[in-house]
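If you use our numbering, the sequence shown corresponds to residues 1 to 182, in order.
Check before you lean on any hint, since a few could be wrong.
What the hints assert, rightly or not - Dumping the calculated DMTMM-like pairs for lysine to aspartate or glutamate here, alpha-carbon to alpha-carbon at most 20 Å:
1) 87 - 146
2) 90 - 115
3) 35 - 79
4) 110 - 54
5) 87 - 77
6) 52 - 81
7) 53 - 81
8) 103 - 79
9) 87 - 32
10) 84 - 57
11) 27 - 54
12) 148 - 122
13) 148 - 98
14) 161 - 115
15) 148 - 107
16) 84 - 107
17) 110 - 167
18) 35 - 77
19) 52 - 98
20) 161 - 77
No wet-lab data here; the hints were simulated from the structure.
Only a predicted model underlies this, so the values are computations on that prediction, with no experimental measurement involved.
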Amino acid sequence: MGIDRHIYQKTKYPDYKIAEEFVELQKTVLVEQIKLAHKYKKSLILHNREAKKDVLEILTNHQSLITNHSAVFHCCEPDTDLLKFAKDHKMFIGVDGDITYYKAKQEWIKTVPLEMLVLETDSPFLTPRFNRIQPAFAKATARQSEPKNIPLIAEFVARLKNISVEEVGRRTTENAQILFRL
């Protein structure tokens, strides 16, 4: 759930425009999803794509519905405002395969406490760099991210934080169990 303001004309759809009415609808739906998640004690997996201001405004206005450790900024962009909000509201930060090639995210993730991290794949997107350089990657299906890539992401986070991959695996598993109430 979340808000996406990404302008696809930057990528593959040159005539695509984002109607403000569509963004308003996304905001309305996000508020309703937050209410439902709170009512049914479900975790919030928050999507934010070029819409940080909108997402933080909604979360601030509905912060009483966000209980400790019940939300994650999925595929979180490296942003100090998002990190501060997550720290202040005991939320998690999702880290994906882009950590292996996105330099700004690598530096930023060093500042995120391990007890705030959960590992994700964003399948089928954001494949780790390790998979991108393997010969098998030439096939289209090999370019897709999938759950088997989680150990690669854990290994990279361990290197960035100068800790063991076992510690990353143990702690991020605990974090996921807390997030999803397992």
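Consistency of the hints with the structure:
1. 87 - 146: 28 Å, violated
2. 90 - 115: Roughly 10 Å between the alpha carbons, so the hint for residue 90 and residue 115 holds.
3. 35 - 79: Not satisfied, since the Cα-Cα distance of roughly 26 Å exceeds 20 Å.
4. 110 - 54: 26 Å, violated
5. 87 - 77: Given that 20 Å is the threshold and the Cα spacing comes to 15 Å, the pair holds.
6. 52 - 81: With Cα atoms ~9 Å apart, residue 52 and residue 81 stay inside 20 Å; holds.
7. 53 - 81: Judged against 20 Å, a Cα distance of about 9 Å means the pair holds.
8. 103 - 79: 13 Å, holds
9. 87 - 32: Since the Cα atoms of residue 87 and residue 32 sit roughly 24 Å apart, the hinted pair is violated (cutoff 20 Å).
10. 84 - 57: 14 Å, holds
11. 27 - 54: 8 Å, holds
12. 148 - 122: Cα-Cα ~12 Å, so holds.
13. 148 - 98: It holds: about 15 Å lies between the C-alpha atoms, which stays within 20 Å.
14. 161 - 115: Measuring from Cα to Cα gives roughly 12 Å; hence the hint holds.
15. 148 - 107: Violated: residue 148 and residue 107 sit about 25 Å apart, past 20 Å.
16. 84 - 107: OK: residue 84 and residue 107 at ~16 Å, within 20 Å.
17. 110 - 167: 15 Å, holds
18. 35 - 77: 24 Å, violated
19. 52 - 98: Within the cut-off at roughly 19 Å; holds.
20. 161 - 77: Holds. Residue 161 to residue 77 sits at ~18 Å (cutoff 20 Å).
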